[in-house]
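Colleague: Listed here are the chains, written in short residue letters.
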Amino acid sequence: MRVKPEEISRLEEIAYQIRRLSLEMITCGRWGHVGGSFSLAEILACLYFHELEVDPHNPKWEGRDRFVLSKAHASPALYAALALRGFFPVEELYTYCELGGRLEGHTDMTRTPGLECSGGALGQGLSIAVGMALGFRMKEQPYSRVYCVLGDGECNEGQVWEAAMSAAHYHLDNLIAIVDYNKVMAKGFVWEEMGLEPLRAKWRAFGWEVLEVDGHDIEALLRILYEARHVRVHGAPIAIIAHTVKGKGLRETEFNYKWHTQAPDPEQADAMLRQLARNYGRPEEGYSKLNDPVAKEKFYGGE
Amino acid sequence: MSEEMREVFGKTLVELGHEFPQLVVLDADLHTSSKAVYFKQAFPGRFIQCGIAEQNMFGIAAGLATQGFIPFPCTFAVFASQRALDQIAVSVAYPRLNVKIPGSYVGIPTSRAGASHNAVADLAIMRSLPQMRVADPGDRRELRSLMRAAVLTEGPVYFRITRYTLPDLFAPDYEFAWGRGVRLREGTDVTLVGSGMMTGFCLEAAELLAGDGISAEVLHCGSIKPLDEDLIAESARKTGAVVTAENASVVGGLGSAVAEVLAERAPAVLRRVGVQDRFIESGGIAELLAHHRMRPADIAARAREALEAKDRLP
Numbered sequence: 001m002r003v004k005p006e007e008i009s010r011l012e013e014i015a016y017q018i019r020r021l022s023l024e025m026i027t028c029g030r031w032g033h034v035g036g037s038f039s040l041a042e043i044l045a046c047l048y049f050h051e052l053e054v055d056p057h058n059p060k061w062e063g064r065d066r067f068v069l070s071k072a073h074a075s076p077a078l079y080a081a082l083a084l085r086g087f088f089p090v091e092e093l094y095t096y097c098e099l100g101g102r103l104e105g106h107t108d109m110t111r112t113p114g115l116e117c118s119g120g121a122l123g124q125g126l127s128i129a130v131g132m133a134l135g136f137r138m139k140e141q142p143y144s145r146v147y148c149v150l151g152d153g154e155c156n157e158g159q160v161w162e163a164a165m166s167a168a169h170y171h172l173d174n175l176i177a178i179v180d181y182n183k184v185m186a187k188g189f190v191w192e193e194m195g196l197e198p199l200r201a202k203w204r205a206f207g208w209e210v211l212e213v214d215g216h217d218i219e220a221l222l223r224i225l226y227e228a229r230h231v232r233v234h235g236a237p238i239a240i241i242a243h244t245v246k247g248k249g250l251r252e253t254e255f256n257y258k259w260h261t262q263a264p265d266p267e268q269a270d271a272m273l274r275q276l277a278r279n280y281g282r283p284e285e286g287y288s289k290l291n292d293p294v295a296k297e298k299f300y301g302g303e
Numbered sequence: 304m305s306e307e308m309r310e311v312f313g314k315t316l317v318e319l320g321h322e323f324p325q326l327v328v329l330d331a332d333l334h335t336s337s338k339a340v341y342f343k344q345a346f347p348g349r350f351i352q353c354g355i356a357e358q359n360m361f362g363i364a365a366g367l368a369t370q371g372f373i374p375f376p377c378t379f380a381v382f383a384s385q386r387a388l389d390q391i392a393v394s395v396a397y398p399r400l401n402v403k404i405p406g407s408y409v410g411i412p413t414s415r416a417g418a419s420h421n422a423v424a425d426l427a428i429m430r431s432l433p434q435m436r437v438a439d440p441g442d443r444r445e446l447r448s449l450m451r452a453a454v455l456t457e458g459p460v461y462f463r464i465t466r467y468t469l470p471d472l473f474a475p476d477y478e479f480a481w482g483r484g485v486r487l488r489e490g491t492d493v494t495l496v497g498s499g500m501m502t503g504f505c506l507e508a509a510e511l512l513a514g515d516g517i518s519a520e521v522l523h524c525g526s527i528k529p530l531d532e533d534l535i536a537e538s539a540r541k542t543g544a545v546v547t548a549e550n551a552s553v554v555g556g557l558g559s560a561v562a563e564v565l566a567e568r569a570p571a572v573l574r575r576v577g578v579q580d581r582f583i584e585s586g587g588i589a590e591l592l593a594h595h596r597m598r599p600a601d602i603a604a605r606a607r608e609a610l611e612a613k614d615r616l617p
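Chains B and W are the protein sequences, given in the same order. For what it's worth, the working numbering labels the leading residue of the first sequence as 1, then goes sequentially. For what it's worth, the working numbering labels the leading residue of the second sequence as 304, then goes sequentially.
Honestly, the hints are just simulated from the structure, not real lab data. Glycine included, C-beta positions come from ideal geometry on N, C-alpha and C. Heads up, a few of these hints could be off.
[Claimed, not checked] With a cut-off of at most 27 angstroms between alpha-carbon atoms, the simulated DSS-like pairs for lysine-lysine come out as follows:
1. B:K202 with B:K187
2. B:K139 with W:K343
3. B:K187 with B:K258
4. B:K4 with B:K60
5. B:K139 with W:K314
6. W:K541 with W:K613
[Said to hold, decoys possible] Cβ-Cβ distance ranges computed for the label pairs, FRET-style:
7. B:R111 with W:D515: 49 to 59 angstroms
8. W:T456 with B:G63: 25 to 35 angstroms
9. W:I355 with B:V231: 33 to 43 angstroms
10. W:G482 with B:H234: 45 to 55 angstroms
11. W:R540 with B:P89: 46 to 56 angstroms
12. B:A277 with W:G482: 55 to 65 angstroms
13. B:D217 with W:T456: 40 to 50 angstroms
14. W:A480 with B:V231: 52 to 62 angstroms
15. W:S414 with B:D217: 51 to 61 angstroms
[What the hints assert, rightly or not] One side of the interface only, derived from the structure: several residues of chain B facing chain W at Cβ under 8 angstroms:
16. I8
17. S9
18. E116
19. G120
20. A121
21. I128
22. A129
23. G131
24. G135
25. S166
26. F255
Just chain W, with the same shape it has in the complex:
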C-alpha cells in the first residue's frame, strides 16, 4: 500500500512545478483537501487563491493560458464539472486553451458530505465537451504519469483524483498514454473493464470468478477520452460478455462509453457497475459501496449475470 492519491497529486504538482516554470496553480479555498497546498508552499508566487468562486477561477485560468501559462485550477470534481461547467465549456474548451483540470473527491470514497460534494456525473459531463481529454487514473503511478502527459499535451484536460490510497496496478516504469487501455489479466469468458479505483475491484472480482472456473479478462481504461476502442472491441469479440465498473454514474460515463463501442463495433452482452442514476447519500465508504452494489463481489455477480445472458443468446 502506498500514499493517498491526493498526496500523490500534491507532490507531483510540485515535481512538475520545478520542471515547468509556466505551471501555475489556482485554488478555490480547498488546497489543504486537494493537497495543492504543497505547490503553494513550494511556489507561493505561482499559486493563486481565487476564493470560493469557481466560475471566476476557470475564467482566470483561461486568461492565464492565453498568456502562455499552464494553469491547474483545483477544486472538487463536482464543482468543476457542475458549478463551472459553462466556464469550462466556453472559456476553456471552446478556445482549446491549455488548462489542466484536476477533479478531486470523486465518486463514493470522499467523505460523508453527500450528494452536493460527491461527483458522479463528472465523467459524463466532461466526456461530452469537444476538445476535452478525460482521464480516470487507477493508481499512484498512473496518476503521476498522467499528470506529466497532461502538461505535455496541448489543450484542455480533465482528470480525476480519488481521495484515498489505491493498491498498485502498475510497475514503476509504467507510462500513461492517451487512448491506450491496458490488459491487466487475460481471460476468455468475460471482459471486466474498469477505470480509476474500480480497476482494482475488477481484479479482485476476476479472482472470485476464477474460483468458480470463470476466466475473466480485465482491462483498465485510465484514458476515458480518447478511449482505447480497439482494445475493448477486440476483447468483447473474444468473450462476448462485458462488465464495466466505474466510480461514477453509469449514465454517460465509462459504461456508456464502452456501450457505444460495443454497439457500433462489437455487439456483446453488457452490464454496468457504478452509481445507477441516483444522488449519493451520506454514509461510510464500505456501506455506500455495498449500497450501490459496487464491491468486487457485485462486479463478479454482474459478470455471472452477463454470462448467463450470453448463454441464452440464440
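So here's chain B without its partners, still in its complex pose:
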C-alpha cells in the first residue's frame, strides 16, 4: 500500500489542529485531559479523515463504521475530530463542559452528533464494541468495522479482558481495538502503577491478532489500519498496540502525569499554544479566547 506524501501532510495538519483545539477546549471548559488527548491526535486524524466510513451529513447512516472511545476522558480530541470532520460547528467546541451544552466532560451519545456510545467509566467500551460487531454480523454487514480505542491504564480493568475473551470466542474479525499505549496513567507511569507487560502476549493469549505501531507516525498508522481492515481478516479480532507519548507535542506535558487532568489558565494556554505551533512548524498562534472578555469573565470571575 502506497501512501501519498500529500495525504500524510494533510493528516499531520489535522492532528495538529486536534491538539490545538483540545487545549483550547480544556482551557475554555476549565477542565479536561490534556495528556490523553494529545497522545491520540494522530490516531484520531487517521481514523476520522482516512479510515472510517462515516457521513457527517447523515450521522446515523446504517452502513457506517462504528467508533467507540472507551477512554472517554480523551473527549476533547474526539470532539475536535468530529467538529473538523463536520459533525457540528467548530465554534461549538468552546461549549465543552458547559451546562446545557452538547459536549459533556465524558461522552454522552444522546447529546453529541457523531458519538456512537457514552462513556467515562473505564473498561466498558470494548464490551460495547463487541456488541456492535456482533450486531454487524447479525445484520449481515460484512464490510462494516468497529474501532475501539482503549487507554493503557484502562487495561487494568477486568471487563476489558472479559470483552477480549468474548470477541475471540465469536471470531469477531470486524472488530479492531487500538490501545493508546502512552505509558502514563492518572498518577504515575504504567510500569509503576500496574504493569501491563507483556501486553502483546496478553492480547495474543486471548486469541487476538496483534499489530504494533508508532502511534504518532501517520504513514505507519495508515498502513496498519489498512492491514487490519483488509489483510488480517481471518477469524480473530485485531488489536493494534499504538506506542504513543502521553501529552505528545509539548515538552512540559510529555510523559507528565501532572497533565493527565489539568486545565491551563488562559495566559498559560496562550504560551502553550504558541509553543505547540513552533514545535510543529506552524504559524504562531496563541489562545484564541485570551482577550475575549466573556471568556475571561467566565474563567476568572465565574463560580
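Following the hints, position chain W against chain B.
Modeller: Same frame as chain B, but now just chain W:
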C-alpha cells in the same frame, strides 16, 4: 395454580421473539435456570452466550441496542443489580439504550444459596437509576403483559421474575401499564400495598383482617417506577394507615417508594414488610418467610399495629 413464573418468562420470550425479529437474548451461563433456554432452542442465531461475565454481557447488550436490536441480557437479579451495576448505569441507562433487563431469582423464594444469590437490594438499586423503568409483576399474566410492554417501551427496563408459581391475581385480559397500580380489594380501615409475589400475601392478610372486622384495601403496584402515586395517596387519605409488602429489602424498595409518596402527599401511618436491612441466610422458603416476618399473618399483624398507631394519633 399455574406454571412457575420463570417458565412463563421463558415461553413469553419465545412468543415475543416470533413477533419482534430484533429481539435478542444474552445469557451469562444460567439459561436453564432462568428459562431463557427456550429462546435459545427457538432462535439459536439470536441467542448470545456471554459466559460468566455479566459486566461484559451488559456492555454487549448496549452495543447491540445501538445497532437497533432489543437485547434481553439474562442473569440472576443479584448479579444484574450488583455485579454489573456500573455497566447498567453508564453503558445502558445513561445513554437510555433499549435494553430489557430481567432479574431472575428475586428475594426469598429462590434456593438455599444464601446472601450472594438472593437479590433483596435490586429494587432499591434499579429505582435509583435515572431513565430506568422498574417492575415487579404479581402473577403470570402480569409478567407476560409486562414483557410485551417492555418491548414496546423505548429505553431501559428492569423487571423481576419470581422463581416459583404464583396464584393468579388478574383476569386473562389484564394489561400491564407503566405507572398504573391496581386496587384488588376495597377497604376503609387500612391499605395494604404489595408488589410481586407479596400482593397475593396481602390478599390473604386482608382475609385474616376481615375475620377481625378490619376492612383492608389491597393495592398492587407491578410498576414500581413510575409508581402510581395518585392511587396510593388517594387510598392513604381514605384509610390513614398503610402497610407495604415486598419480596425485597425495605431499604429503598417499594416500602421506601410508598413512604416518599406518603411523606410528600398524604401523610399516614406506615409499616413496611420485607427484608429488614439484613442479608438473607440459607434456609427453606417457608422457614425464611417466617424468619423475616413476611407471611400473610405477619402482614396482618403489622396492619393491626398500624391501626393502633393511627388510633393513638391526636
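Colleague: Please go over all the hints and tell whether each is borne out by the structure.
Modeller: Do the hints match the structure? See the list:
1. B:K202 with B:K187: holds, 24 angstroms
2. B:K139 with W:K343: holds, 18 angstroms
3. B:K187 with B:K258: holds, 7 angstroms
4. B:K4 with B:K60: With Cα atoms ~31 angstroms apart, K4 of chain B and K60 of chain B exceed 27 angstroms; violated.
5. B:K139 with W:K314: It holds: about 25 angstroms lies between the C-alpha atoms, which stays within 27 angstroms.
6. W:K541 with W:K613: holds, 12 angstroms
7. B:R111 with W:D515: 49 to 59 angstroms: holds, 58 angstroms
8. W:T456 with B:G63: 25 to 35 angstroms: holds, 28 angstroms
9. W:I355 with B:V231: 33 to 43 angstroms: Because 34 angstroms falls inside the window, the suggested range holds.
10. W:G482 with B:H234: 45 to 55 angstroms: holds, 52 angstroms
11. W:R540 with B:P89: 46 to 56 angstroms: Given range 46 to 56 angstroms: holds, Cβ gap about 54 angstroms.
12. B:A277 with W:G482: 55 to 65 angstroms: Between A277 of chain B and G482 of chain W, where Cβ atoms are some 58 angstroms apart, the hint holds.
13. B:D217 with W:T456: 40 to 50 angstroms: At roughly 49 angstroms between Cβ atoms, T456 of chain W and D217 of chain B fall inside 40 to 50 angstroms, so the hint holds.
14. W:A480 with B:V231: 52 to 62 angstroms: holds, 54 angstroms
15. W:S414 with B:D217: 51 to 61 angstroms: Holds: the Cβ-Cβ distance is about 57 angstroms, inside 51 to 61 angstroms.
16. I8: At about 33 angstroms, which exceeds the 8 angstroms cut-off, the nearest Cβ of chain W leaves the hint on I8 of chain B violated.
17. S9: At 35 angstroms from the nearest chain W Cβ, S9 of chain B fails the 8 angstroms test, so the hint is violated.
18. E116: With Cβ-Cβ at 6 angstroms, under 8 angstroms, it holds.
19. G120: Cβ of G120 of chain B sits 6 angstroms from chain W, so the hint holds.
20. A121: holds, 4 angstroms
21. I128: Holds - the Cβ of I128 of chain B comes within 8 angstroms of chain W, reaching about 4 angstroms at its closest.
22. A129: holds, 6 angstroms
23. G131: Constraint on G131 of chain B satisfied, holds at 2 angstroms.
24. G135: holds, 3 angstroms
25. S166: holds, 6 angstroms
26. F255: With a minimum Cβ separation of about 29 angstroms from chain W (threshold 8 angstroms), the hint on F255 of chain B is violated.
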